[in-house]
Amino acid sequence: MSGSDGGVYVESTIIMTTVRAVAPFVFTFGLFVMFHGAESAGGGFQGGALVAAAVLLLAFAFGIESTRAWLASALVRTAIAGGGAAFAIIGLATVALDGAFLEYVAYGYGSTGTKYGIELVELGIGAVVSGVLVGLFFSLAGGDFELAPGGDTDAETGGEEP
Amino acid sequence: MTTEGLVLAVVLTFGAAGSLAAILLRDVLNAIVAFAAFSFGIAAAWVLLAAPDVALTEAAVGAGITTVFFLVTIAKTVRPGGDRLLERIEWRSVAVVAILVGALLSTVGSLPAVGAADSAVATSPVTEYYLGNAYTETGVENAVTAVLAAYRGFDTFGEATVVISAGVAVLLVLRQEAYV
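Chain order of the listed sequences is A and B. Mapping to our numbering: the first sequence position 30 is 30, numbers consecutive. Mapping to our numbering: the second sequence position 72 is 72, numbers consecutive.
Keep in mind that a hint or two might mislead.
Stated by the list, open to error - Which chain B residues face chain A? A few, computed with CB under 7 angstroms, are given here:
id	residue
1	A149
2	S165
3	G167
Honestly, the hints are just simulated from the structure, not real lab data. The beta carbon of each residue, even a glycine, is placed where N, CA and C say it ideally should be.
Turn these sequences into a full structure, and let the hints guide you.
Structure, rendered in structure tokens:
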């Protein structure tokens, strides 16, 4: 409600400690939801969103600019492109093996092959979703931090943003 | 009313109250928090309606990431001043919304009851086929995933393409803005 510190990073011990404890679990849960989408609720879209949420948590606790610096933007771009490419390759390889698009049986491992094919597709979707969400977040947040050089230094708390 | 129905009613009331608060609160930050509460209520409702896949998405995207995106966005805008807590109500807008809601509510009566055995979804041969054959054909225990990634895999591929193209487009536009 204070409204005076909108957009600039303020170091908070409580938030940093909480996030340090919680973020690994959120990240692991995201991966679990992605991997385990075949046996329980979840899948690539949900898991990707959770993985992105873990990164957003880190950014909120430790400063968006330093998180962006830590997480190379090439990694985000690779996740988006690689995830989509993995899905396409898995789908098209079955066509090359005389099957229909995504006809996993064409790999010749029966329903086991189908299961692992589905898991790989889910991973690809997860990479795309988490990459897009993280990239969007950094792009949206990017503008604020050009005003406050250093990003994670304690910015002055006076005055509303113009 | 069964206990389940009662819990669902409480959760939906919480969600409706959250959405109403999001509309009425004047401060954008308050509205965003109320909107997150609304999403949380709806996610809980999905769990109660036995749709955990949708609930996970609603909780992670609706209550979590959308809220953060909104917060990051309002950090760059000016919040309206003044001490009023609630927005002034525009009665003409209320009338339009009431007409729309009335039109939608008039269709509710023709929906089958939740979990009804004779609803179109439960009796459809497609449903029977998926539930009967999903495990033997795909080796996957979650029939939703089997439909998403195997039977309707091409649709999901289209969905992933939409996410990629939308993401790339927005990223390009936002980056462009930074260089102006």
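* Does the CB of B:G167 sit less than 7 angstroms away from some CB of chain A? -> This interface hint holds because 3 angstroms falls under the 7 angstroms limit.
* Asked: Is the hint on B:A149 kept, meaning its closest Cβ partner in chain A is under 7 angstroms away?
  -> 4 angstroms, holds
* To do: Against chain A, run the beta carbon of B:S165 and see if the smallest gap drops under 7 angstroms.
  => 10 angstroms, violated
Hint 2 alone, counting from the list given before, is not met by this structure.
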